[in-house]
Amino acid sequence: MRPLAPWWDIRDLGNAVGALLEWLADVGAPSWLTYVVSSLVGMLALLGWALGSQLFFIWAERRLIARMQVRLGPNRAGPFGLLQPIADALKVLAKEMVTPRGADRILFWLAPIAVVVPAITVLAVFPFGERMVLADLNVGVLYLAAISSTAIFFVFVAGWSSSNKYSLLGAMRSVAMLISYEVVQVLALLSVPIFVGSMRLGDIVAWQRDYNAWLVFLQPLALLGFIIASAVEVNRTPTDIAEAESEIVAGYHTEYGGIRWGMFQLAEYIAGFAVAAVMATLWLGGWTLWGLEEWVPGWVIFLAKVYGAFFLFIWLRGTLPRLRIDQLMGFAWKFLLPLMLLNTLLAGLEVLVWRETGAPAAVVLPAFALGNLALTGGLVVGWAVLLGQLRPERRPARPLLVRELGAIYYRPLEEAREA
Amino acid sequence: MTGEPLVVNVGPQHPSTHGVFRMKLTLDGERIVDCEMIMGYLHRSMEKLAEERSWTQNIPFTDRTDYLAAMTGNLAYCLAVEKLASIEVPPRAHFIRTIMAELQRIASHCMAIGTFVNDCGAWHTPLMYMLREREKVLDLFELACGARLTTNYMRIGGVARDLPPEFLPRLRAFVQEMPQRIREYEELLVENEIIVARARGIGVLPADKAIAYSVSGPMLRGSGVAWDIRKADPYAAYDRVEFDIPVGTHGDCYDRFLVRLAEMRQSVRILEQALDMIPPGPVQTPVPLALRPPPGEAYGRIESPRGELGFYVVSDGGPSPFRFHIRPPSLINLTPLPEMVRGLTVADAIITLGSVDIVVGEVDR
Chain W
1 MRPLAPWWDI
11 RDLGNAVGAL
21 LEWLADVGAP
31 SWLTYVVSSL
41 VGMLALLGWA
51 LGSQLFFIWA
61 ERRLIARMQV
71 RLGPNRAGPF
81 GLLQPIADAL
91 KVLAKEMVTP
101 RGADRILFWL
111 APIAVVVPAI
121 TVLAVFPFGE
131 RMVLADLNVG
141 VLYLAAISST
151 AIFFVFVAGW
161 SSSNKYSLLG
171 AMRSVAMLIS
181 YEVVQVLALL
191 SVPIFVGSMR
201 LGDIVAWQRD
211 YNAWLVFLQP
221 LALLGFIIAS
231 AVEVNRTPTD
241 IAEAESEIVA
251 GYHTEYGGIR
261 WGMFQLAEYI
271 AGFAVAAVMA
281 TLWLGGWTLW
291 GLEEWVPGWV
301 IFLAKVYGAF
311 FLFIWLRGTL
321 PRLRIDQLMG
331 FAWKFLLPLM
341 LLNTLLAGLE
351 VLVWRETGAP
361 AAVVLPAFAL
371 GNLALTGGLV
381 VGWAVLLGQL
391 RPERRPARPL
401 LVRELGAIYY
411 RPLEEAREA
Chain X
1 MTGEPLVVNV
11 GPQHPSTHGV
21 FRMKLTLDGE
31 RIVDCEMIMG
41 YLHRSMEKLA
51 EERSWTQNIP
61 FTDRTDYLAA
71 MTGNLAYCLA
81 VEKLASIEVP
91 PRAHFIRTIM
101 AELQRIASHC
111 MAIGTFVNDC
121 GAWHTPLMYM
131 LREREKVLDL
141 FELACGARLT
151 TNYMRIGGVA
161 RDLPPEFLPR
171 LRAFVQEMPQ
181 RIREYEELLV
191 ENEIIVARAR
201 GIGVLPADKA
211 IAYSVSGPML
221 RGSGVAWDIR
231 KADPYAAYDR
241 VEFDIPVGTH
251 GDCYDRFLVR
261 LAEMRQSVRI
271 LEQALDMIPP
281 GPVQTPVPLA
291 LRPPPGEAYG
301 RIESPRGELG
311 FYVVSDGGPS
321 PFRFHIRPPS
331 LINLTPLPEM
341 VRGLTVADAI
351 ITLGSVDIVV
361 GEVDR
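Protein chains in written order, with the working numbering: chain W, 1 to 419; chain X, 1 to 365.
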């Protein structure tokens with residue numbers, strides 16, 4: 001790590017905090033005070049960032065999706081409708097919070113508060129810059145996987161305590177889905193520490209900077225698996241089954257209104273940012289950009305990557321229909337899980353080869369990258385063929401065009417399957 | 001492992017029941033054990049009300065049964081009364097009626113496909129594209145008769161007024177643009193992996209069952225039965241235009257969706273021909289305002305966007321119908337729903353309902 005720069009060096013906001021802590025130590029504050037101050041500054045900064053980003057992205061998502069849907073989106077409140085999220089937030093705050101008669105009052109009240117906690121806690125380990133990390137854990141990747149999955153517990157509490165059948169169905173779906181996709185997600189995450197040899201997120205970024213190789217090139221399959229698994233986790237189409245509007249109204253938060261509903265939305269958005277930040281840190285080089293971080297603040301690069309990754313989810317939402325729950329589960333267990341297991345094995349083998357032969361990184365890494373890219377394409381297509389995704393009845397069709405009346409062209413699907 | 005079955009009410013207020021329709025689903029986990037349909041929330045007693053009004057005054061009712069296809073409602077009723085009173089319709093009116101009916105089919109199918117894909121979980125994107133095209137049709141309607149939804153354009157003996165001079169050029173522009181738009185939908189939706197996975201083999205209605213349930217329209221054709229009243233019992237100018245009948249092969253939701261999309265293409269074909277063939281001349285046969293058809297009965301039927309829309313009218317020689325009965329395609333297409341959804345999941349039931357394409361105003365009347 002580089003030595004502390006003067007406090008006004010905004011390339012890394014950690015400099016300012018470091019200067020503050022040094023000053024505190026100089027004036028003779030006890031060590032616990034510096035600890036408390038640094039934690040408080042970090043927590044407030046993360047919370048502010050998360051809330052600010054959410055407000056911005058409520059607007060951005062609505063505008064972007066509106067553009068995809070040949071309409072304009074919110075454009076009345078303020079310039080370009082920029083004040084729309086403020087208006088929405090005020091509306092949500094002012095609304096009455098109704099508790100259904102049959103609800104378990106305490107759990108019903110607790111769930112929306114508790115669901116935000118893991119979403120925000122997860123943000124603590126991301127390095128926004130070299131020093132801009134609240135908790136530089138040496139088990140960062142494990143922490144991500146562990147904390148982000150606890151939110152589902154409160155989602156289930158919400159669905160259960162609402163005493164509503166739609167809520168219960170939504171909550172059951174959430175849990176079933178999360179259990180399946182958590183496995184995939186962890187396996188996808190695992191391939192990164194295998195390559196880097198450390199679970200500390202700072203080390204992972206440093207490794208990518210030192211070797212000048214983003215892990216997306218070395219582990220494309222893992223990133224693909226992670227994107228799909230995390231789309232499930234943040235509940236966005238094509239996998240928003242837990243709150244499928246056209247089926248179960250709003251899923252687990254059907255009975256919630258006002259700010260309680262707002263808390264669920266908040267948790268979902270922050271979880272989305274967290275997932276995007278994982279993608280940016282683990283696979284896209286974090287706050288580095290091939291030397292550009294010397295001039296542009298690292299955190300600007302990092303945020304650009306995070307928002308870019310988050311845009312992917314918005315794009316997906318504007319494009320794809322929803323899968324059915326059994327199809328989604330089948331996809332996890334039959335398609336993604338074997339591929340992720342294979343990928344983990346492959347990553348291990350590659351690292352072993354690299355270590356045993358002692359070949360220079362300049363030779364080994366491009367070879368691995370090309371090999372893994374080809375393998376990813378081959379595996380995805382090959383597995384799809386093997387699973388019968390290209391069976392005749394799964395192919396798009398066109399109806400017959402006939403002129404004569406009265407004939408019957410019906411053929412059961414089973415016959416077509418056998419043919 | 002079996003437990004107590006869960007009864008879930010889908011509707012009358014639910015995001016995807018397309019109106020106030022209620023499905024009482026008995027679930028075992030996510031599987032549907034039983035489905036009970038509860039209708040009548042939108043009953044407005046149209047058939048009885050019509051017996052108190054004159055023959056001409058009943059035309060606005062036919063707008064409001066199937067409010068997504070007002071033109072075809074008008075047309076079916078006018079055909080029935082014309083048959084009853086033996087009124088001849090001038091050739092230009094025949095063509096105007098054909099044009100309006102086909103435009104209405106495009107608009108209605110846009111809505112049907114859009115909401116069906118919405119039920120599949122697409123977050124409004126295809127629906128918005130479809131609504132864009134539907135707007136153009138509604139603009140054309142506005143040009144012709146001043147109203148967009150409840151048009152009240154057809155009259156007994158013709159149509160209310162002639163087309164304004166700018167109508168046909170604008171229609172031609174629409175007809176030229178539409179095939180490209182339909183191709184866009186086909187690329188976006190027909191070859192969409194998720195839609196195929198969701199809709200293939202779901203909500204299957206075999207051909208024999210479809211006939212037994214007296215199902216009609218795109219649902220019947222989706223089940224593989226080549227049947228279209230425009231060919232079987234031609235009305236308006238349909239005997240003078242060429243078109244094909246799209247027929248599905250497996251009778252599932254995907255086939256019904258495909259048939260609707262292909263029918264839009266055929267509608268554009270019919271419009272193209274009608275544009276070239278439309279003759280000049282009067283658009284209405286003079287009919288007395290207080291029409292008193294001779295005693296008797298008549299059944300006029302057309303191929304509405306949803307299927308066979310029929311009006312059975314009985315006259316006792318008086319100024320208003322003695323009996324006014326509607327054969328609503330939505331209601332009859334809906335009847336096999338419990339059989340179609342049994343054993344499927346909730347998500348499948350929703351898209352099956354979407355693929356039936358009901359208009360609750362017509363189901364309940």
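Please keep in mind that the hints were generated in silico from the structure rather than gathered at the bench. Predicted model only: the values in this text are computed from it and were never measured. C-beta atoms are modelled at their ideal positions from N, C-alpha and C, and glycine is treated no differently. Some hints could be false.
Unchecked claim - According to the in silico footprint, chain W covers these stretches of chain X (three or more CB under 8 Å from chain W):
#1 57 to 69
#2 128 to 138
#3 339 to 349
Claimed, not checked - Coverage of chain W stretches by chain X, computed from C-beta distances (three or more under 8 Å per stretch; other residues unrestricted):
#4 68 to 77
#5 213 to 221
#6 357 to 367
Checked hints:
1. 57 to 69: Per the Cβ count (0), the hint is violated.
2. 128 to 138: holds (count 3)
3. 339 to 349: Coverage by chain W holds for the region 339 to 349 of chain X (4 residues, Cβ < 8 Å).
4. 68 to 77: holds (count 4)
5. 213 to 221: violated (count 0)
6. 357 to 367: Since 0 is below three, the answer is violated.
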